[in-house]
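Line order of the protein sequences matches chains A and B.
Mapping the first sequence onto the numbering used here, position 136 (from 1) lands on 136, and the numbers just tick up by one.
Mapping the second sequence onto the numbering used here, position 214 (from 1) lands on 214, and the numbers just tick up by one.
Source of the hints: derived by calculation from the structure; they are not laboratory data.
Certain hints may be false.
With beta-carbon atoms standing in for the labels, derived distance ranges [what the hints assert, rightly or not]:
1. A:52 - B:186: 36 to 42 Å
2. A:188 - B:215: 32 to 38 Å
3. B:77 - A:86: 55 to 61 Å
4. A:204 - B:135: 37 to 43 Å
5. B:134 - A:130: 28 to 34 Å
6. B:77 - A:200: 35 to 41 Å
Below, a list of computed lysine to aspartate or glutamate pairs in the EDC-like style, where the Cα atoms sit at most 16 Å apart [what the hints assert, rightly or not]:
7. B:63 - B:10
8. B:79 - A:119
9. A:130 - B:117
10. B:160 - B:87
11. B:160 - B:135
12. B:224 - B:213
By construction, the Cβ of each residue, glycine as well, lies at the ideal position given by its N, Cα and C atoms.
These are the residues of each chain, in order.
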Amino acid sequence: MAEAAVDQTATPVAEASGLGKIYRRGAEEIHALREISVAFAPGAFSCVLGPSGAGKSTLLNLLGVMDVPTAGTLRVAGATIAEGGRLRLSEGGRDKLRRENIGFIFTEFFLLPTLTAVENVQLPLLWADKDDRAYAAELLERVGLGHRLTHRPTEMSGGEMQRVAIARALINRPRLLLADEPTGNVDTTTRDGIFDLFRELNADGLTIVLATHDRELAARMDRVVHVREGRVVEETA
Amino acid sequence: MTTPILEARDVWRSYQRGAETIHALAGMSLTVQPGEMVGIVGRSGSGKTTFLNQVGCLDTPTKGTITLCGTDVTGMPEKELVAFRRDHIGFIFQLFYLIPTLTAVENVELPMIFARERDRRARAREALARVGLSEIHALPHQLNGGDMQRVAIARALVRKPRLLLADEPTGRLEHGARVAIMEIFRGLRAEGLGIILVTHDPTLAAETDRIIELRDGRIVDERKAG
Ligand SMILES: Nc1ncnc2c1ncn2[C@@H]1O[C@H](COP(=O)(O)OP(=O)(O)OP(=O)(O)O)[C@@H](O)[C@H]1O
Ligand SMILES: Nc1ncnc2c1ncn2[C@@H]1O[C@H](COP(=O)(O)OP(=O)(O)OP(=O)(O)O)[C@@H](O)[C@H]1O
Ligand SMILES: [Mg+2]
Ligand SMILES: [Mg+2]
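Same shape as in the complex, but just chain A:
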């Protein structure tokens, strides 16, 4: 159903070729990603699946322009971040690109305990000197929390907090939503509810990449990119 919306010939929202990432810790080199070539078409809902340490978070951090590659080419939201291992976008340019185009969700919710749900959702916009409380409220409505606008995180369950975090990730109307193990902290019923929400958002046209080591979750997705030891070992659609 969601697959029908994906146009594989359209310019990908994110595209990597020969992408590599080496972390250096003193003299030690950790090859977190090697020769990754993968593309994410607009409207696709993709899973990055792999065991712990495979490089899933590293890949999502690069796609989300939270970090930069040490090899290869990376294009995100129409901008070239690196080409042939050389950076093409300044730190300021990357910050702007990320802020305007990317939504991020993590296992931890990172909600500020001193703020209400709607304030937490507004945060990224306020930072840019914009204020759209009405849209923040609309997004909370969208994730099923329209009745909890002024509640603080301490008054919410884990699943509700993650929904607030999802609403916050959507406040900049992102072209790409990245979810790194988003259901790692919640029980399976809550997990399924959050997964259904991702499906709905995708059906509305949002491009989503979800990283997980949960095979059961991956089995429900249209496309799975299997990562192991920093390489793409298989792609299933």
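Please arrange chain B with the ligands on chain A, whose structure you already have, making use of the hints.
Relative to chain A, chain B with the ligands alone:
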């Protein structure tokens, strides 16, 4: 005599769980003077976080009064209370709560955004310098735990609060980082801030001026630290 930063008098916080009433706080009283650092210890569930939430105006006591810097905040309308909290209180938590997609300096700017203040970048830089963080453009995931907590402390300090509430601030940190964080707290105390520090860490507790121990929402022991 100076005005105390905090005077909590006979504070109760009760929850209804089915037919049962749970008294998370059962008559807590505490006074904190400027330049005083008070440690709170006690078993899990003894009411430590609940107490900080009352003092920090994040929750409303079932009974009792809380006076901050001479102002009785009990019964203050919600809007005023939020403004009062933002002007007077800084919070630090075990889990930092930094926004992962914003840089260190941007995270520190957040409280000023809500207060609609100017010179945000300059003041955020100043606060980060104060806690000794030089990588101000790093994203949280690029920092180690100790440096993430420095950012969180800078964020708590940037609007110059009078009272700092810290709930297990070093719970996730290794020894070196704990010592560094304690050093920052010492400096703040010397500047006249009131600090309430909930901690299980004996080295941290030993640095406070006095330690109170909670059990079942009450003070069962109070002693000089060290
Ligand atoms: N900041 C860093 N510095 C050094 N090494 C790192 C850093 N981040 C990740 N690594 C290493 O890179 C490799 C890939 O890590 P990554 O976090 O991407 O894996 P993952 O697939 O997300 O694992 P998990 O399922 O446990 O989250 C690992 O060997 C990890 O130790
Ligand atoms: N929202 C709530 N609803 C019902 N009971 C609550 C609520 N918040 C706290 N309690 C109860 O109040 C008591 C005190 O909890 P509190 O979180 O203050 O303890 P704590 O001393 O901070 O413990 P810890 O060391 O585990 O953080 C506990 O019995 C807890 O179950
Ligand atoms: Mg990971
Ligand atoms: Mg607690």
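Status of the hints after comparison with the structure:
1. A:52 - B:186: 36 to 42 Å: holds, 39 Å
2. A:188 - B:215: 32 to 38 Å: holds, 37 Å
3. B:77 - A:86: 55 to 61 Å: holds, 57 Å
4. A:204 - B:135: 37 to 43 Å: holds, 38 Å
5. B:134 - A:130: 28 to 34 Å: Check passed, 30 Å falls within 28 to 34 Å.
6. B:77 - A:200: 35 to 41 Å: holds, 38 Å
7. B:63 - B:10: holds, 7 Å
8. B:79 - A:119: holds, 14 Å
9. A:130 - B:117: Since the Cα atoms of residue 130 of chain A and residue 117 of chain B sit roughly 14 Å apart, the hinted pair holds (cutoff 16 Å).
10. B:160 - B:87: holds, 8 Å
11. B:160 - B:135: violated, 22 Å
12. B:224 - B:213: holds, 12 Å
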